[in-house]
Amino acid sequence: MPEPSAQPLIEADVVGRLMGQPLLARFPMEGSVSGHHRSPHRGSSVEFAEYRNYAPGDDIRRLDWRVFARTDRYYLKEFEAETNLRCYVVLDCSGSMGFEGEHGTRLDYAKRLAATLSYLIINQGDAAGLLHVTEKTTPDIPPRRNASHLQIILDALGQAQPTGGTQLVPMLHELAEKARRRALVVILSDCFCDGAELRDALQHLRFQKHDLALFHLLDPLELAFEFDRPVRFVDMEGSQSIVTEPATVRAEYQAQLKRFLGKLRDDCHEFNADYRRVTIDQPYGQVLADFLTERARHATRA
Amino acid sequence: MTFLQPLILWGLPLVLLPVIIHLINRMRHRPRQWAAMQFLLAATRSSTSHAKLRNLLILLMRVLAVLTLLLFLARPLVGGWMGWALAAAPDAILLLVDRSASMEARVAGADESRREYALKMLADAAREFEHASHLVLLDSATRQAREIANAASLPGLPDTQATDTAADLPAMLQTALDWLIENQAGTAEIWIASDLQASNWQPDDPRWETIITAFDSMPQKVRVRLLATTQESPGNASISVAQLSRQQATGGGEVRLAVDLTRSQADAGRATITRTLNGVATELEARVTGQSTRWRHRFAVGDQAGGWGKLELSADGNPRDNITYYRYSDDHRPAGLVVTGSALGPLWQAAASAAGRDGRTPAKRYAPDDVTPADLRDATLVVWQAPLPEGEMAGALRRFADEGGRVIFFPPDQAATARFAGLGWGEKQTSGDAGFAVGRWDEDQGPLANTDEGLLLPLAKLGVRQRQQVIGQAAVLAAFDDGQALLVRQSLGQGEVYFCATLPLLAWSEMGDGLVVVPMLQRLLAAGSRRLQRDSVAECGHVGAGDLQLEWTSIETGQRGDVQTQAGVYQSGDRWLVVNRPAAEDEFERVGDEAVAGLFGSLSFQLFQAQRDDTALQGEIWRMFLFLMLLALLIEAWLIRPGPIPDDAPPKPQPAAA
Numbered sequence: 001m002p003e004p005s006a007q008p009l010i011e012a013d014v015v016g017r018l019m020g021q022p023l024l025a026r027f028p029m030e031g032s033v034s035g036h037h038r039s040p041h042r043g044s045s046v047e048f049a050e051y052r053n054y055a056p057g058d059d060i061r062r063l064d065w066r067v068f069a070r071t072d073r074y075y076l077k078e079f080e081a082e083t084n085l086r087c088y089v090v091l092d093c094s095g096s097m098g099f100e101g102e103h104g105t106r107l108d109y110a111k112r113l114a115a116t117l118s119y120l121i122i123n124q125g126d127a128a129g130l131l132h133v134t135e136k137t138t139p140d141i142p143p144r145r146n147a148s149h150l151q152i153i154l155d156a157l158g159q160a161q162p163t164g165g166t167q168l169v170p171m172l173h174e175l176a177e178k179a180r181r182r183a184l185v186v187i188l189s190d191c192f193c194d195g196a197e198l199r200d201a202l203q204h205l206r207f208q209k210h211d212l213a214l215f216h217l218l219d220p221l222e223l224a225f226e227f228d229r230p231v232r233f234v235d236m237e238g239s240q241s242i243v244t245e246p247a248t249v250r251a252e253y254q255a256q257l258k259r260f261l262g263k264l265r266d267d268c269h270e271f272n273a274d275y276r277r278v279t280i281d282q283p284y285g286q287v288l289a290d291f292l293t294e295r296a297r298h299a300t301r302a
Numbered sequence: 001m002t003f004l005q006p007l008i009l010w011g012l013p014l015v016l017l018p019v020i021i022h023l024i025n026r027m028r029h030r031p032r033q034w035a036a037m038q039f040l041l042a043a044t045r046s047s048t049s050h051a052k053l054r055n056l057l058i059l060l061m062r063v064l065a066v067l068t069l070l071l072f073l074a075r076p077l078v079g080g081w082m083g084w085a086l087a088a089a090p091d092a093i094l095l096l097v098d099r100s101a102s103m104e105a106r107v108a109g110a111d112e113s114r115r116e117y118a119l120k121m122l123a124d125a126a127r128e129f130e131h132a133s134h135l136v137l138l139d140s141a142t143r144q145a146r147e148i149a150n151a152a153s154l155p156g157l158p159d160t161q162a163t164d165t166a167a168d169l170p171a172m173l174q175t176a177l178d179w180l181i182e183n184q185a186g187t188a189e190i191w192i193a194s195d196l197q198a199s200n201w202q203p204d205d206p207r208w209e210t211i212i213t214a215f216d217s218m219p220q221k222v223r224v225r226l227l228a229t230t231q232e233s234p235g236n237a238s239i240s241v242a243q244l245s246r247q248q249a250t251g252g253g254e255v256r257l258a259v260d261l262t263r264s265q266a267d268a269g270r271a272t273i274t275r276t277l278n279g280v281a282t283e284l285e286a287r288v289t290g291q292s293t294r295w296r297h298r299f300a301v302g303d304q305a306g307g308w309g310k311l312e313l314s315a316d317g318n319p320r321d322n323i324t325y326y327r328y329s330d331d332h333r334p335a336g337l338v339v340t341g342s343a344l345g346p347l348w349q350a351a352a353s354a355a356g357r358d359g360r361t362p363a364k365r366y367a368p369d370d371v372t373p374a375d376l377r378d379a380t381l382v383v384w385q386a387p388l389p390e391g392e393m394a395g396a397l398r399r400f401a402d403e404g405g406r407v408i409f410f411p412p413d414q415a416a417t418a419r420f421a422g423l424g425w426g427e428k429q430t431s432g433d434a435g436f437a438v439g440r441w442d443e444d445q446g447p448l449a450n451t452d453e454g455l456l457l458p459l460a461k462l463g464v465r466q467r468q469q470v471i472g473q474a475a476v477l478a479a480f481d482d483g484q485a486l487l488v489r490q491s492l493g494q495g496e497v498y499f500c501a502t503l504p505l506l507a508w509s510e511m512g513d514g515l516v517v518v519p520m521l522q523r524l525l526a527a528g529s530r531r532l533q534r535d536s537v538a539e540c541g542h543v544g545a546g547d548l549q550l551e552w553t554s555i556e557t558g559q560r561g562d563v564q565t566q567a568g569v570y571q572s573g574d575r576w577l578v579v580n581r582p583a584a585e586d587e588f589e590r591v592g593d594e595a596v597a598g599l600f601g602s603l604s605f606q607l608f609q610a611q612r613d614d615t616a617l618q619g620e621i622w623r624m625f626l627f628l629m630l631l632a633l634l635i636e637a638w639l640i641r642p643g644p645i646p647d648d649a650p651p652k653p654q655p656a657a658a
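Just so you know, the sequences run in chain order A and B.
Heads up, the first sequence is in the numbering used here, so the first residue is 1 and it goes up one at a time.
Heads up, the second sequence is in the numbering used here, so the first residue is 1 and it goes up one at a time.
Please keep in mind that the hints were generated in silico from the structure rather than gathered at the bench.
All C-beta atoms, glycine included, are put in the ideal place defined by N, C-alpha and C.
Incorrect hints may have been included.
Claimed, not checked - Reference listing, derived: stretches of chain A covered by chain B, where coverage requires no fewer than 3 residues with Cβ under 8 Å from a Cβ of chain B:
hint, stretch
1, 173 to 179
2, 239 to 248
3, 251 to 264
Isolated chain A, as found in the complex:
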């Protein structure tokens, strides 16, 4: 079991750089309070949306009298509602997330991403929750907006350990059923599970109108597969092991891996999920900055 990382989950300079860029949802969200995010509901608010013809039964207080004075027609002025964001951070804590390369363990990297994201979300007035994906029964942390909730999340992250087989797919299905309101679902995982099943789970989430962001975390060593002598590879999620000469299987291994990565990316694009392949030698602050920037750009276009 890897040692808990000495690096803090939230770094002030990273957060400082990211504070200026809000995390925006790509799709309308359903929140309980007013916020920065588009809502699927229309009505009176501060953001003008459109004019529409009066229909019997409409509240006459919403008639635009100025338009009536100019055109002698009854129009209703509609405004776009803005609400807060509910974000579920799904952290894969399977054994494979404990993979340790030159740049630390994958889970530590994922934790930093999760912590920083949670901080940013709560800090901008949105709600953040945390789901551990593990074989053990770990209580979920539902999304909350208050600052004290952040500490709960950080404590939970600090205690998360990689163990057992991956339960990502059933957990995502469960989340899709459980989260009735539209939310942003951020998945932090290596996705080393059955590709078809994962596809179904992602599709299920999107069907429920959730905004999906998948951070696919990979170690550079897993991509390069460069070893200079025979190695006994021990499965991190089972008891299987294999002795092989890496040079002899390298080409085939890379081909298999690339096929899997390509398929996953295509599936995500198909469901309009935000797929991000991240190698853990990348600074997580930069990864998040790119993530936020792109979302902001998308929101502007929308």
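Let chain A serve as the given structure and place chain B on it in line with the hints.
Same frame as chain A, but now just chain B:
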């Protein structure tokens, strides 16, 4: 395959080094926790067979590289001479060189003889071993083993030069065996260079079995390699004097020669012969037919008591057998001795009379009871028509024949059980009116041979009415139609004993007219004169021990000569010695490959036929192994090269941004 550095072959187990390293490497693999196991398992499943094959090939190339390196360092020799069996350099190599006259045949298309070719090849082959093995030369002429330090000197050594001798291969091998036993040599090889002439190898000789059994029973391993110089040679002819006699004719003395001409071609033609007589050369021509021709030649020598000469053929495929030497003299006048109690005494005396300067001298005659051993002293021919001798006289007569005299027995007209030289008289037989006809006789040699003019003796017209059967095994020189012998011959030492089955009496036969009996007795008289000769005639390599003690000077060169190996006419004081090469050296018959291999029985035997095999007996092939090693290393390097990054490999992770 033989190795000049065989000790290095002890390192052969090192070829397992790559396998051991491979196994150790696999055993000391590092454990690694791995997350992306599903891809690794799939990759291993699909590339297992291909990877295993590649690994095996890599391992094989590494083993091959080590093996070829070791073989390269061991300096292997290989070739038709060495074969391909693995062996180390022997402790001793015995070089058995055939120096017989037939080895002087020229190799077609090359300016060298078979002997020179063989010596060159042996020297080349032995050079590689001169630091690792003792080289021992054993030549056919001296049959003495002597160690040589330098293989390159082999062609120039006195004991490897040309001779007029014959080779005795069984005797050479016996000497080699004795040397190995005496010197307690370790592993040994016997290298023989010979032209496989049957008369030299004597494949029917019982000594072969004894010698090979002795080699087999030796504790050390003995390997035999034979360089058979059986290359094509230009056409060859040889000459030898079969008979020589000096006769006293009316006009003075004359020498009569019977010369055998043997040729490799069987076509008819004329041969040019240069006859040298006392230093004066005369060119003659002889008509030849078939492979073997007997040419008779006579020449007057006047009152010369003796002289020497040689007959020489023009240059051909083998210059060594183109000369034959002769010597004649009259200081050993033939004399006949007749032992009979019958009325035929005067006839025998006349027929066996000896010619001299002052006319003919009739043979001496004795009654059977009167003759004594002392009477044989000056005789060259004994005509015995009486019961076969017994006791002291029989022994004296045997010694007489042993010294070269001739004895002819005629029927005593009574059956007896006595034997002489294994022959005796049987019952007397009388024919009817037709008589016994003579069916065949030896026209080429012996007392009934054709005359110098080539005329047959009138044996076919000889009427024989009575005969006495000859009992015993002997060579039949003349026989009746019914197969019974008329004249038989038994060799006894240097002389011969004859039995004639009829008498020159009218009641017995018509031999009394003298047309058969006179030339027959005269020829025997002349042939028996050898007994009294002061001149010695010998074959090269077989000069008597007494003669070898003397210092001989060659008449031709005036210098001291080696009578044991060089043909010629030699003189030592008042003694003469004529040495010619053995007649068997003129024979073309060879021992076949299988027959010669069979002679060596179970001994390890390698035959190299110069006629059809390579031009070199062997060669160092370390270059080939060096090349193979490099090839194996190159293939190994190609196999272990990192494979190209497949097009469908996952993209390299982006470099970390600052």
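We went through each hint and held it up to the structure:
1. 173 to 179: violated (count 0)
2. 239 to 248: holds (count 8)
3. 251 to 264: holds (count 11)
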